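Asker: Could you put the whole structure together from the sequences, leaning on the hints where they help?
At position 215 of the sequence shown (counting the first as 1) the number is 200 in this note's numbering, and the numbers step up by one without a gap.
If you are wondering where the hints come from, they were derived from the structure by calculation, not from laboratory data.
Note that the structure is predicted; figures quoted are calculated from it, not measured.
The reader is advised that the hints may include incorrect statements.
Calculated cross-link-like contacts (lysine-lysine; reagent style DSS-like; alpha-carbon spacing at most 27 Å) [unchecked claim]: (1) Lys358 to Lys384; (2) Lys293 to Lys368; (3) Lys427 to Lys410; (4) Lys368 to Lys358; (5) Lys292 to Lys339; (6) Lys205 to Lys79; (7) Lys79 to Lys101; (8) Lys293 to Lys339; (9) Lys413 to Lys384; (10) Lys427 to Lys413; (11) Lys117 to Lys79; (12) Lys303 to Lys293; (13) Lys227 to Lys147; (14) Lys227 to Lys292; (15) Lys358 to Lys292; (16) Lys117 to Lys89.
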Amino acid sequence: MTVKTRFAPSPTGYLHIGGVRTALFSWAYARKHKGEFLLRIEDTDLARSTAESVNIILDGMNWVGLNYDNADNVIYQTRRFDRYKEVIAELLEKGAAYYCYCSKEELEAMREKAEKEGTATYDRRWRPEAGKTLPPVPEGVEPVVRFKTPTDGVTRWQDLVKGEISIPNEALDDLIIARADGTPTYNFCVVVDDFDMGVTHVIRGDDHVNNTPKQINILKAMGAALPEYAHLPMILNEQGKKISKRSGDTVAITDFGAMGILPEAMLNYLARLGWAHGDDEFFTMQQFVEWFDLKDVSPSPSRMDLKKLYWINGEHIKITPNSTLAALLEERLAVRGIGDTTAPALEDVLALVKDRAQDLNTLADECLYFYEKQTPAEADLAKHWDEDAAARMLRFADKLEGLADWNAEAIHDLFKPFCDEEGIKMGKLGMPLRLAVCGTAKTPSVDAVLALIGREEVLRRIRS
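Answerer: Here it is as structure tokens:
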């Protein structure tokens, strides 16, 4: 059997981090078992689904790098209405579905009664049964199609995350599978899609647990083999509540990209939300696929921790090739007014500073002073710039100008003799020198920084 998993987002807004975590686990399970990972766009909500949201989903999947095997044939539910009608007709013919002519007023009365008695909402008045007389068909009413749910026994499955789950069938409604205008409903479309796509493992959020018995019963009525189910726990915000943009939470995957998070780091972090491999926190996606098993997924909700995300991101920045980082930083530096990053070469700058940043925005800021002196902070000037600092810097500039070779080692060899000559400690040279050349007191080794910036520019900055 070829393992087939799917990610099936609804294009009614942004790509949510919970959705990306679901996609990640589905992708990893398929890759682990040499199977297929498929993408389906569930766009039957015609009032809310938009082409823009579809593009956001596709762009988000591309950004995180979760490649799906049907890239040339993504499934769109709105293109499958003829297939849904065909299956509905088959269910009607075999008596597994029926027409219901209830009015809105009748349904509302049933709902109120069910709430009081704790029973299924629909009273099945239009359900055909042996020896039962149905009401007369009202004129001018377009019926819905309902699925004939079993009324006895239980629907049971062995969830690959939550263990055995069983739901009494008497608690389930005869759900509507086609509306009065003929459009199919969510739970029905999902079943037909999973069947036609050959999905063997349905990995999704645990907000779908209540949908599973409905879908299992429809699959049985179709005579289809049941897939395995795995329901993933929710991701909560740092306060332990449901994530929501209204609460100021960052939830859209594109927002994390704007925050300077690398896609590899985002996936690494999301993998650890609800899954563990010993004490490993930092790993590659290749390692994740090797280690991943649904039995290691916790059934309990996970909580966001932005500090840990930034730490993991910093670790991924360290191992990312400088050429890759340079390409990612060009636009960020352009926004900061730096258009030319050839002198010094941005890759050389990154080799020196990338260990100092946990996100790409901070990393871009770390690169600025190599191309343009920054304005020193008043606090740094007050702490490190004494009344003799300007004259001292000019005297040191003369030493720099006289160097035969311009490299970090030659610059470093000037420090001790100059400090001895001036009768000062290294702090009286190094910190003012950073302020004079870079405009900040926080830089890597100052000799390496000066070597990269270049003799002519260093002297120009000091003497200005």
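Asker: Next step is simple, just say for each hint if it's right about the structure.
Answerer: Checked hints:
1. Annotation: proposed proximity of Lys358 to Lys384 holds, straight-line Cα distance about 21 Å (limit 27 Å).
2. Simply put, Lys293 and Lys368 have alpha-carbon atoms about 33 Å apart, too far for the 27 Å limit, and the pair is violated.
3. Proposed proximity of Lys427 and Lys410 is supported: the alpha carbons are some 18 Å apart, at most 27 Å.
4. A C-alpha spacing of about 19 Å is found between Lys368 and Lys358, which places the hinted pair at or below 27 Å, so the restraint holds.
5. Taking the CA atoms of Lys292 and Lys339, the gap is near 18 Å; set against the 27 Å cutoff, the hint holds.
6. Restraint check for Lys205 and Lys79: the C-alpha separation of about 13 Å stays at or below 27 Å, so the hint holds.
7. Proximity of Lys79 to Lys101 is assessed by CA-CA distance (about 34 Å); at most 27 Å being required, the pair is judged violated.
8. With a C-alpha separation of about 18 Å, the suggested pairing of Lys293 with Lys339 holds against the 27 Å cut-off.
9. Restraint check for Lys413 and Lys384: the C-alpha separation of about 16 Å stays at or below 27 Å, so the hint holds.
10. For a cut-off of 27 Å, the pair hint linking Lys427 to Lys413 stands: about 15 Å separates their Cα positions.
11. Of the supplied pair hints, the one linking Lys117 and Lys79 holds, its CA atoms being roughly 18 Å apart against a limit of 27 Å.
12. Pair hint Lys303 plus Lys293 holds up; C-alpha atoms about 16 Å apart against a cutoff of 27 Å.
13. Taken as a hint, the Lys227 and Lys147 pair is honoured in the structure, with Cα atoms around 20 Å apart against an allowance of 27 Å.
14. Between Lys227 and Lys292, the direct Cα distance comes to roughly 19 Å. Compliance with the 27 Å bound is thereby established for this hinted pair.
15. Proposed proximity of Lys358 and Lys292 is contradicted: the alpha carbons are some 30 Å apart, above 27 Å.
16. This hinted pair checks out: Lys117 and Lys89 have alpha carbons roughly 23 Å apart, not beyond 27 Å.
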